[in-house]
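Required output: the full structure, derived from the provided sequences and hints.
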Amino acid sequence: MSYLHSEKAGIVSTGVRHVGDVVVRWLPLLIVTGLWELASGWVVVETVLPPPLDVLIIAVDLVVSGQIVGDLLVSLWRIIWGLSLAIGVGVVLGVTMARVDPIEDFFGVFMSLIYPLPKTALVPLAVLWLGSGSGTAILVVFLACLLPIVLNSYNAAESVDQNLVWSAKMMGTSDRDMFRRVVVPAAIPEIITGIRQAVPIAFVALVSAELIAANRGIGYRILSYGQLGIYESMLAVIVVISLAAYVGVRGFERIERRVLVWT
Amino acid sequence: MNEGRVIASNVEKVYRSERTPTTAIEDLSFEVGDGEFFSVVGPSGCGKSTLLYLIAGFLDVTSGMITVNDHAVEGPGTDRGVVFQDYALFPWKTVMGNVTYGLAENGVPKDERRETAQHFIDTMGLDGFEDTYPKELSGGMKQRVGLARTLAYDPKILLMDEPFGALDQPLREALQDNLLDIWRELGKTVVFITHDVEEAVYLSERVLIMTRHPGTRKQVIDIDLDRTQDREAIITSEEFTETKNEVWRSLREETKHTV
Ligand SMILES: Nc1ncnc2c1ncn2[C@@H]1O[C@H](COP(=O)(O)OP(=O)(O)OP(=O)(O)O)[C@@H](O)[C@H]1O
Ligand SMILES: [Mg+2]
Numbered sequence: 001m002s003y004l005h006s007e008k009a010g011i012v013s014t015g016v017r018h019v020g021d022v023v024v025r026w027l028p029l030l031i032v033t034g035l036w037e038l039a040s041g042w043v044v045v046e047t048v049l050p051p052p053l054d055v056l057i058i059a060v061d062l063v064v065s066g067q068i069v070g071d072l073l074v075s076l077w078r079i080i081w082g083l084s085l086a087i088g089v090g091v092v093l094g095v096t097m098a099r100v101d102p103i104e105d106f107f108g109v110f111m112s113l114i115y116p117l118p119k120t121a122l123v124p125l126a127v128l129w130l131g132s133g134s135g136t137a138i139l140v141v142f143l144a145c146l147l148p149i150v151l152n153s154y155n156a157a158e159s160v161d162q163n164l165v166w167s168a169k170m171m172g173t174s175d176r177d178m179f180r181r182v183v184v185p186a187a188i189p190e191i192i193t194g195i196r197q198a199v200p201i202a203f204v205a206l207v208s209a210e211l212i213a214a215n216r217g218i219g220y221r222i223l224s225y226g227q228l229g230i231y232e233s234m235l236a237v238i239v240v241i242s243l244a245a246y247v248g249v250r251g252f253e254r255i256e257r258r259v260l261v262w263t
Numbered sequence: 001m002n003e004g005r006v007i008a009s010n011v012e013k014v015y016r017s018e019r020t021p022t023t024a025i026e027d028l029s030f031e032v033g034d035g036e037f038f039s040v041v042g043p044s045g046c047g048k049s050t051l052l053y054l055i056a057g058f059l060d061v062t063s064g065m066i067t068v069n070d071h072a073v074e075g076p077g078t079d080r081g082v083v084f085q086d087y088a089l090f091p092w093k094t095v096m097g098n099v100t101y102g103l104a105e106n107g108v109p110k111d112e113r114r115e116t117a118q119h120f121i122d123t124m125g126l127d128g129f130e131d132t133y134p135k136e137l138s139g140g141m142k143q144r145v146g147l148a149r150t151l152a153y154d155p156k157i158l159l160m161d162e163p164f165g166a167l168d169q170p171l172r173e174a175l176q177d178n179l180l181d182i183w184r185e186l187g188k189t190v191v192f193i194t195h196d197v198e199e200a201v202y203l204s205e206r207v208l209i210m211t212r213h214p215g216t217r218k219q220v221i222d223i224d225l226d227r228t229q230d231r232e233a234i235i236t237s238e239e240f241t242e243t244k245n246e247v248w249r250s251l252r253e254e255t256k257h258t259v
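From first to last, the protein sequence lines are chains A and B. Here the first sequence is numbered in our numbering, starting from 1 and rising by one per residue. Here the second sequence is numbered in our numbering, starting from 1 and rising by one per residue.
Just so you know, these hints were derived from the structure itself, not from any lab. These numbers were taken from a predicted model, which means no experiment stands behind them. Each residue gets a CB set at the ideal place from its N, CA and C atoms; glycine is no exception. It cannot be assumed that every hint is accurate.
Said to hold, decoys possible - Covered by chain B, according to a simulated footprint, are these stretches of chain A (three or more residues, beta-carbon under 8 angstroms): (1) 164 to 175; (2) 182 to 192; (3) 255 to 263.
Structure, rendered in structure tokens:
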């Protein structure tokens, strides 16, 4: 009897703990929404800061009616391109920089030049070369994502356990094969960390680029609603892109757990 | 052709990587015969791992020479297999993937690979863990995977760097006996590094005692035990105790200098 009782108590207490976790996780969002609700009308007039519920309804409507679906897709498309290019170039560059000294010397200079530069500062220049379409946005996303990916890949490949390389060597792996057999797999967890850091950066870079120069995309929509003074819609678009970024990060974490079963 | 003789003549190893060069090994000479079980003991930092890596071909000698079957060592080769103290398993590969790796690198067909690997996985008592990743294994199991992986591609010479150092006594003893069985059955040459005198005496036919840093040859002691007996009988025999004490005395002289 007492066994049953304690068993039940256990279930209840884990249930309570679970509810507690959920509350803690969503509490910040709740507080922000609450403050927003309070501020709207009290601190700032409703036309400038519409209440959250209104914004949410408009956000749903914008998506369901398809009004911003086109822009959302354009933006996501640009992110996918920019990020994929950054992954492709960044991983290869980072890993080879770590293992081949002349390549490190050569590209190291570029990396330290790009590092402190705010990538959006390049937008006006990029517009001259690529126009104010997808090219510019993709370039900015690419440059912004490149650094965390290169840096993490570089560190990962440089700190590969010497004994792993040696043990592959003694089993007959040639220097040429060492890259893909040992260095890259050993570096993958850290490479993926770099990519995970790049995902939110991609969203930030994209929206900034689109705010400056674009004729389509989410950033463009935010800007044009703002200029027209339709602040509910402007905020609604911001909510939509934030949600998209959240889904993107979460989705990536899920893929990460799948890929890294062995860590 | 397929012999496992190792000869070190006047080996010197200086590490130059840092600002001040470190002489790890100085004027070290010894011979290990084909099929011999040869242990190396010495104070910490005397250059035992360095010596093993030199034989393995991971590092180059600064002067002197190491030959394996009369060929100077010039880099790693599949005639020698290292069992690392920290296992050095590929974490992204399963037990089966780790054990088949060396076979795959040497062009063994897939079916044969799996068969050979399975044999050594079974020998090491790892059956049922073929699809497990190293992170899910205990230290003792990882070490057995390390041994299985090295045995699988059949190097003539086993180079072992304190392989059982991190294990508890019963497991240690089990793996020691396991290793002796394998050594007898497969006729490999074993160079075995340890800091455990009892282990060295129990396992090997000869023990090299190194001086403290920079390491050189202090003494080589022959061990004459009746190996047809079981462990209990061997370790309680008078020869065992005497040899152990002799090695201890020699080693203690070196450690005393260090402290
Ligand atoms: N990569 C390196 N660069 C410079 N010095 C090194 C390097 N590796 C080892 N040494 C030095 O060489 C000497 C021998 O090191 P080694 O690791 O071979 O000793 P060891 O006998 O294996 O010690 P332990 O019993 O603690 O494992 C030490 O003084 C060590 O500091
Ligand atoms: Mg050592």
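Going down the list of hints, with the structure as the test:
Only residues whose beta carbon comes within less than 8 angstroms of a beta carbon in chain B count, and the region 164 to 175 of chain A has 9; three or more means the coverage holds. Coverage of a stretch by a chain is defined here by at least three residues with a beta carbon nearer than 8 angstroms to that chain's beta carbons; for the region 182 to 192 of chain A and chain B the count is 4, and the condition holds. Restraint check on the region 255 to 263 of chain A versus chain B: 3 residues with Cβ-Cβ distances below 8 angstroms, three needed, restraint holds.
Going through the hint list in order, the structure satisfies each hint without exception.
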